[in-house]
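Visitor: Build out the structure end to end from the sequences listed, making use of the hints.
In order, the protein sequences belong to chains A and B. Residues in the first sequence are numbered from -17 upward in steps of one, following my numbering. Residues in the second sequence are numbered from -17 upward in steps of one, following my numbering.
No lab work stands behind these hints: they were computed from the structure. One or more hints might be untrue.
Listing some non-contacts, in silico: residues in chain B with all C-beta distances to chain A over 12 Å [stated by the list, open to error]: (1) -13; (2) 17; (3) 97; (4) 143; (5) 156; (6) 168; (7) 175; (8) 188; (9) 189; (10) 191; (11) 194; (12) 201; (13) 207.
FRET-style restraints, in silico, Cβ to Cβ [claimed, not checked]: (14) B:162 x A:28: 38 to 48 Å; (15) B:66 x A:133: 14 to 24 Å; (16) B:128 x A:64: 42 to 52 Å; (17) A:134 x B:0: 16 to 26 Å; (18) B:1 x A:215: 35 to 45 Å; (19) B:144 x A:92: 37 to 47 Å; (20) A:137 x B:213: 50 to 60 Å.
Dumping the calculated DSS-like pairs for lysine-lysine here, alpha-carbon to alpha-carbon at most 25 Å [what the hints assert, rightly or not]: (21) B:96 x A:54; (22) A:1 x A:54; (23) A:167 x A:201; (24) A:96 x B:54; (25) B:26 x A:54; (26) B:54 x B:1; (27) B:167 x B:1; (28) A:96 x A:26; (29) B:201 x B:167; (30) A:201 x A:1; (31) B:201 x B:1; (32) B:54 x A:26.
Ideal placement from N, C-alpha and C gives every residue a C-beta, glycine not left out.
There are 2 protein chains.
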Amino acid sequence: MTAYHFEPIGRIHSCFTEKFGIPRQPNLVPEAWATLDILPVFQKAEAFRELDDFSHVWIVFVFHRCYGRPWKATVRPPRLGGNRRVGVFASRSGFRPNAIGQSVVTLRRIEREKGRLRLHLGGVDLLDGTPVLDIKPYLPYADCIPDARAGYASDAPAHRRRITFSSGAERRIAILDAARYPHLKALITGLLSQDPRPAYKGTGDQAAFGMRLWDLNIKFEIQANGMVVTDIETAFG
Amino acid sequence: MTAYHFEPIGRIHSCFTEKFGIPRQPNLVPEAWATLDILPVFQKAEAFRELDDFSHVWIVFVFHRCYGRPWKATVRPPRLGGNRRVGVFASRSGFRPNAIGQSVVTLRRIEREKGRLRLHLGGVDLLDGTPVLDIKPYLPYADCIPDARAGYASDAPAHRRRITFSSGAERRIAILDAARYPHLKALITGLLSQDPRPAYKGTGDQAAFGMRLWDLNIKFEIQANGMVVTDIETAFG
Chain A
-17 MTAYHFEPIG RIHSCFTEKF GIPRQPNLVP EAWATLDILP VFQKAEAFRE LDDFSHVWIV
43 FVFHRCYGRP WKATVRPPRL GGNRRVGVFA SRSGFRPNAI GQSVVTLRRI EREKGRLRLH
103 LGGVDLLDGT PVLDIKPYLP YADCIPDARA GYASDAPAHR RRITFSSGAE RRIAILDAAR
163 YPHLKALITG LLSQDPRPAY KGTGDQAAFG MRLWDLNIKF EIQANGMVVT DIETAFG
Chain B
-17 MTAYHFEPIG RIHSCFTEKF GIPRQPNLVP EAWATLDILP VFQKAEAFRE LDDFSHVWIV
43 FVFHRCYGRP WKATVRPPRL GGNRRVGVFA SRSGFRPNAI GQSVVTLRRI EREKGRLRLH
103 LGGVDLLDGT PVLDIKPYLP YADCIPDARA GYASDAPAHR RRITFSSGAE RRIAILDAAR
163 YPHLKALITG LLSQDPRPAY KGTGDQAAFG MRLWDLNIKF EIQANGMVVT DIETAFG
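Guide: Structure representation (structure tokens):
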């Protein structure tokens, strides 16, 4: 069969400058904001007419870190503890025959200024730099099927972890530019409560981790009663 | 930005051999069955492991009749009577910058026989021959947002039409091969109750129509109190 060619209409700018820490599905962490910058050739205000009336949109995107790389017939979903393999088509893994993803996110607003068209999104699970192929309105009457059976992924991932911040981490947050790093504490709390550690890498004994958000390194430790954010480094900037 | 290339993993076989009559969203007509035949290179049973446990799947596909054709910044959604234009990104029209569609459909069963892997689907809105790029499990906890605001498309399209069959049409259905044309009467009823007529073509005065399903021509008329299926022709076979 023929191949089909698609060109991005825009690009995601998000806090997720690396894969570790990204929520495993959209909307699990509302504070995960991002922008979708529309490329000049698609910056036609008309093409977005009445989109503002939708609270949620589908973002169809390329898993660009996976694109062109080999896929495997089975994957190990993190929620199964990394011990069980399921078929790639029974998963949302980016390593699939066609590295296309779809995420429903909140549409916070559309910024229309001269020479720029930018969508502000919430609840994203998208890596910084993600190429976007399409935007579609979310239609609850068609897209929402509350009683769908979902096998191993029937329930939302449990939020089990209690998150606290060291006084040093609190001080760092207080002095960081809130416009550049919006609602950072809530964002970190939301992300860590998802327990981003990859179970299958056998991190059971490891106690200290780093998660990158923008150019920040969020250092945290696993303790008996939860996770503690120990420090926030701006090593990259 | 670079273009991305995707090759189909399979192809849809459905009753919809032409665009007229296709439900405007998936799941509006449960009787609209289809099969998705997986291409030989992707026929790895492993890749579908545990997919059977999901009642619904996303089909990511190419609007192949629209692919490569020019797109317009605005479209006229049928539900608005064809009189109002909205932005293409506020619509699900196939004429979009990247002719990619996504439909959530029911997964009736997976047929695994030697040399064949075939998904049996229900509630489809997919044209016969549609190239499929991906299959993803439907995850209610991530994909179902019951209170999403959806602007002009907030409500499901109304089923207003009363559908009846002439005795001639009834007789035709009775003698047609039920395996080849499964639950044909329920299918026709479901499709016509969606009122497939394109409002914007000014069909207000036209009273007789034909809708093609497989190789059948379903002839129907608009009458004061609903629609009447007047005849079913097998002219194509």
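Visitor: Please go over all the hints and tell whether each is borne out by the structure.
Guide: Hint check results:
no., hint, verdict
1, -13, "violated, 5 Å"
2, 17, "holds, 15 Å"
3, 97, "holds, 17 Å"
4, 143, "holds, 18 Å"
5, 156, "holds, 34 Å"
6, 168, "holds, 20 Å"
7, 175, "holds, 15 Å"
8, 188, "holds, 28 Å"
9, 189, "holds, 30 Å"
10, 191, "holds, 25 Å"
11, 194, "holds, 24 Å"
12, 201, "holds, 29 Å"
13, 207, "holds, 26 Å"
14, B:162 x A:28: 38 to 48 Å, "holds, 45 Å"
15, B:66 x A:133: 14 to 24 Å, "violated, 41 Å"
16, B:128 x A:64: 42 to 52 Å, "violated, 32 Å"
17, A:134 x B:0: 16 to 26 Å, "violated, 39 Å"
18, B:1 x A:215: 35 to 45 Å, "violated, 57 Å"
19, B:144 x A:92: 37 to 47 Å, "holds, 42 Å"
20, A:137 x B:213: 50 to 60 Å, "holds, 51 Å"
21, B:96 x A:54, "holds, 21 Å"
22, A:1 x A:54, "holds, 19 Å"
23, A:167 x A:201, "holds, 13 Å"
24, A:96 x B:54, "holds, 21 Å"
25, B:26 x A:54, "holds, 10 Å"
26, B:54 x B:1, "holds, 19 Å"
27, B:167 x B:1, "holds, 19 Å"
28, A:96 x A:26, "holds, 11 Å"
29, B:201 x B:167, "holds, 13 Å"
30, A:201 x A:1, "holds, 16 Å"
31, B:201 x B:1, "holds, 16 Å"
32, B:54 x A:26, "holds, 10 Å"
Violated hints for the displayed structure, listed by number in ascending order: 1, 15, 16, 17, 18.
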